[in-house]
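Required output: the full structure, derived from the provided sequences and hints.
In case it helps, the UniProt record's numbering puts the sequence shown at residues 1 to 86.
Since the hints were made in silico from the structure, they are not lab data.
Some hints here could point you the wrong way.
[What the hints assert, rightly or not] Simulated crosslink set (SDA-like; lysine to any residue; CA at most 25 Å straight-line): (1) Lys-52 x Lys-72; (2) Lys-33 x Asn-3; (3) Lys-52 x Leu-69; (4) Lys-72 x Arg-46; (5) Lys-52 x Ile-38; (6) Lys-52 x Gly-64; (7) Lys-52 x Gln-37; (8) Lys-33 x Val-73; (9) Lys-33 x Thr-2; (10) Lys-72 x Ala-51.
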Amino acid sequence: MTNPPLDAIREEVVTSLQHTIGPEGDLLNPDEKSCHQIQLSQPILRNHELAKLVNLDPDVEVNGRRLDLRSKVIRCLYPVAEGGAG
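Next up, the structure:
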């Protein structure tokens, strides 16, 4: 017996490329801060989409509520001449 192929319609949650960024909060006691997330339709970002995330304004308001979303750029470069330990 073999496994049936994925059914993209019935298993949409599992096969979706949608991704959320931001705090999830307590799933058992959700509050308004649990909704302060950014939804991405796919995991690959274009340059202008990445620029929006890098330049998030923590003071932006939606429906009269301050979202307080921030971003931080982390350098992931190291001197090649120093090898893997650099």
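If you test the structure against every hint from before, which numbers come out violated? The structure breaks hints 2, 9; every other hint is satisfied.
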